[in-house]
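Asks: Residue 87 is where the sequence shown starts when you use the numbering used here, and the numbers rise one by one after that.
Derived from the structure by calculation, the hints contain no laboratory data. Careful, some of the hints might be misleading.
Quick list of simulated restraints, FRET-style, between CB atoms [unchecked claim]: (1) Tyr327 to Asn123: 34 to 42 Å; (2) Ala313 to Pro273: 19 to 27 Å; (3) Asn340 to Gly259: 36 to 44 Å; (4) Asp328 to Lys137: 21 to 29 Å.
Listed next, the in silico BS3-like pairs over lysine-lysine satisfying Cα-Cα at most 30 Å (straight line) [as the list claims (entries may be wrong)]: (5) Lys302 to Lys135; (6) Lys320 to Lys294; (7) Lys302 to Lys271; (8) Lys271 to Lys137.
Backbone N, C-alpha and C define an ideal beta-carbon position, used for all residues, glycine too.
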Amino acid sequence: MPEPLKVFITGASSGLGKAIALRYANQGAILGLVSRNNNKLNQLASEIKTKSICYPVDVRNFSAMQTASQDFMARYGVPDIVIACAGASCGNLTEHAEDIAVFQSLLDINVNGMVKTFQPFVRAMREAKRGSIVGIASVAGFRGLPGASAYSASKAAVISYMESLRVEMHNSGVHVMTICPGYIKTPMTAINPYPMPFILSAEQAADKIIRAIHRKQHFITIPWQMAITGFFLKHMPNWVYDILFAKAPHKPRNLHI
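Build the full structure now, drawing on both the sequences and the hints.
Replies: Pasting the structure below:
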């Protein structure tokens, strides 16, 4: 009988991270579950029947992330899969001085939090010559969305960061993968005051992501309709993009991340 997968997931207490955790739990995986929301994390743990351990940690806290990763490896060994799913999203506008703190928070969570998730595992996975490192980016990183400059900038940074990491790990035996979802039904999208085409449930997205990880793809946009939309967005002339999106509805501003 093959050994169960060992999977370490951040942002595991809700939305996409929770859906991925539950899918892997159904496969009998050993799970390391990270979230800053301890109550939701404990609730998730109560739903999981497989072996798991919870780490109530904010991904912005590097020391705590190091401790969590070291504890997981001491218990179960080098993980087979590390998924950086923790993320935050809200509207912001550069004209408001108070939004500077929001911009900083989104970059700290979405970008620096991903780096702090992967760093403690990279050397161990390289030495083991195996494993998958998975970063959740977004179609929002393809072009700058009005009213969501911090989120778009953070996800664009994630896409570039993951590409750099992929090249750094080339021929190491460690697979590096970037996931760019479109709209997913989560608490982050529930407040969006505009239509969200091709939206997926968190469970549907989790199924597609897990299949892509199994196939060891390097870069994937989900769903496929959003991959086509993203292609046209990336290659659209600036003047056309500006006209189409100048009056697009904005995500609500939020000063509390």
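Asks: For each hint, tell me whether it holds in the structure or not.
Replies: Against the structure, the hints:
1. Tyr327 to Asn123: 34 to 42 Å: Holds - the Cβ-Cβ distance for Tyr327 and Asn123, about 36 Å, lies within 34 to 42 Å.
2. Ala313 to Pro273: 19 to 27 Å: holds (25 Å)
3. Asn340 to Gly259: 36 to 44 Å: Given a distance of about 41 Å, which is inside 36 to 44 Å, the answer is holds.
4. Asp328 to Lys137: 21 to 29 Å: The hint (21 to 29 Å, Cβ to Cβ) is violated, given that Asp328 and Lys137 are roughly 52 Å apart.
5. Lys302 to Lys135: holds (27 Å)
6. Lys320 to Lys294: OK: Lys320 and Lys294 at ~23 Å, within 30 Å.
7. Lys302 to Lys271: This hinted pair holds, its Cα atoms lying about 25 Å apart.
8. Lys271 to Lys137: holds (27 Å)
When held up to the earlier numbered hints, the structure conflicts with hint 4 and nothing else.
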